[in-house]
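Throughout the sequence shown, residue numbering follows this note's numbering, covering 4 to 509 in sequence.
If you are wondering where the hints come from, they were derived from the structure by calculation, not from laboratory data.
Every residue gets a Cβ at the ideal spot worked out from N, C-alpha and C, and that includes glycine.
The reader is advised that the hints may include incorrect statements.
As the list claims (entries may be wrong) - So the derived label-pair ranges between C-beta atoms look like this:
#, residue 1, residue 2, range
1, Gln436, Ser119, 54 to 64 Å
2, Arg85, Glu154, 21 to 31 Å
3, His472, Asp387, 18 to 28 Å
4, Ala477, Ala434, 20 to 30 Å
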Amino acid sequence: MRRGSLLHLIATVLLWLAFNALWLLHPSLTPSQFVETTVLVNAGFAAIVVARFLRSRRTASELSSLRRQYLRLEFRSEDRERQARVLESISTLSSAFLDNVGVQTLLGQMSEAVHSILAVDTTVIEVLPDVEKEMEPITLSVGAEIDLGPEIHRDVVGRGKSILINDIGHYPRYAALHAQGLTAMLVAPFKRDGNVIGLLGAFARSNRSFTGGDLDVLHTFATHTTLLLEGATLLDAVRQLSVRRTTEQIDSLRHLHTQIRAERDQADREAAVARRIQRELLPQSFPRLLHVALDGLTLPARDVGGDFFDVIPLAAGQWGIAVADVSGKGVGAALVMVMTHTLLRAIATACSSPSDALVRLNRELFDQTTGDVFVSMFYGIWDDGTRTLRYANAGHEPPVLVRGADAQLLPRGGIALGAIGAIDTLVADHAVQLAPSDALVLYTDGVREAMNDRHQMYGTDRLAAAVRHAVANAQPLIAALRSDVSAYVADAEQHDDITLLTLQAQ
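Could you put together the complete structure from these sequences and hints?
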């Protein structure tokens with residue numbers, strides 16, 4: 004018996020004895036003394052009863068709270084497992100896309116993935132005809148075939164709204180669906196340039212109840228459907244312009260998705276997959292140019308972010324130079340990083356100026372993401388013949404330019420990609436010519452915000468000083484900067500990726 008319970012019992016017995024003594028002795032008490040003593044005894048009994056009641060209520064409340072916490076933890080575990088399945092399915096679809104699998108086959112695989120992950124009876128995907136894009140109508144289903152009827156098209160295609168209904172029988176407008184034995188449904192549109200180009204639906208015939216999480220899964224697949232269709236359109240346009248993607252990039256993405264599919268460890272799945280995505284997107288080597296030496300690195304933090312850089316072959320003697328930072332952490336940021344990287348590769352080869360590339364990339368990201376994902380990016384076109392870098396900045400960290408003993412920050416400007424639909428007036432082209440021994444350092448905010456054990460940031464002043472010192476002593480920039488940042492941070496935990504890309508004129 005607990006000490007508190009024992010004390011309650013002793014107090015109860017003592018009060019009971021006192022009450023009996025009161026009855027034995029009350030003839031010698033005055034009436035007022037008898038009443039006062041009786042009230043005190045009754046109050047003691049009442050206090051004990053109330054204390055025990057409140058204690059039992061508190062215990063029950065604590066048990067209920069623990070149960071709710073357990074259920075939340077259990078739900079998070081299930082949700083992480085489903086997120087991993089969604090990621091693996093999208094990885095498989097992306098690999099199939101890179102293998103030039105037909106659009107109809109890809110959509111069929113998409114329907115099967117939704118069917119399996121949401122555990123429904125029927126999955127339907129419809130792509131509307133598009134004369135401008137030369138897109139034929141497509142309708143595919145997995146499971147028992149159903150007739151959607153005009154109401155679904157009117158609500159989803161006409162109004163661009165998603166549907167989540169767990170009791171179709173209570174909606175007379177969907178009586179035709181209920182007559183087919185359907186009890187619950189999820190339907191989401193997918194869009195291009197703000198216009199609905201198709202729908203993705205999941206239907207159940209049992210007592211299946213859909214949740215907001217189920218709708219999020221459907222939205223993820225609907226967004227990826229748009230990406231697949233847009234990717235197919237972009238590839239066709241690139242082929243028509245005789246612009247081809249590099250074999251190294253395709254092999255890199257194939258290897259990336261192979262690594263994602265191979266990752267099975269539940270506890271480290273999210274961090275491991277995100278880290279692999281980031282590593283495999285980075286260039287494995289840099290082109291040897293006549294007038295500039297390129298080098299770069301990314302040091303991933305414990306919670307992997309969305310940093311990446313790229314060097315893209317363009318016309319003869321010209322190269323696209325990009326450094327970007329996706330908001331967020333983990334698999335979500337990594338998926339947006341893959342999307343941004345792939346779109347940039349497709350768009351860059353068809354654009355004559357950096358600002359045009361950023362404007363087009365922003366339009367795609369704004370249409371395909373949820374609105375709470377942003378990407379800062381510095382993008383330039385290096386002309387090795389003229390030693391000139393034309394560049395535009397979309398809300399990214401200003402590069403450091405070092406000339407002799409002088410260091411300056413290039414103009415920042417612009418707004419992060421994906422924040423608003425049109426940025427035509429917010430990004431502008433600039434140019435800088437690099438003379439021999441000049442150095443230009445591109446970086447992400449993880450460099451500037453790197454902290455030591457006193458919570459002091461590294462900052463751009465120290466970065467500029469480190470660049471000047473390395474140039475003055477003819478040291479390789481990347482090795483010198485990595486050493487300086489590491490010495491500053493020492494054993495302090497790193498909370499953001501550190502990414503650097505350097506151009507050292509020669």
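Hint-by-hint comparison with the structure:
1. For Gln436 paired with Ser119, a C-beta distance near 56 Å keeps the hint of 54 to 64 Å intact.
2. For the pair Arg85 and Glu154, the supplied restraint of 21 to 31 Å holds, since their beta-carbon distance comes to about 30 Å.
3. At roughly 27 Å, the beta carbons of His472 and Asp387 sit within the given window of 18 to 28 Å.
4. The hinted window of 20 to 30 Å between Ala477 and Ala434 holds, with their beta carbons roughly 27 Å apart.
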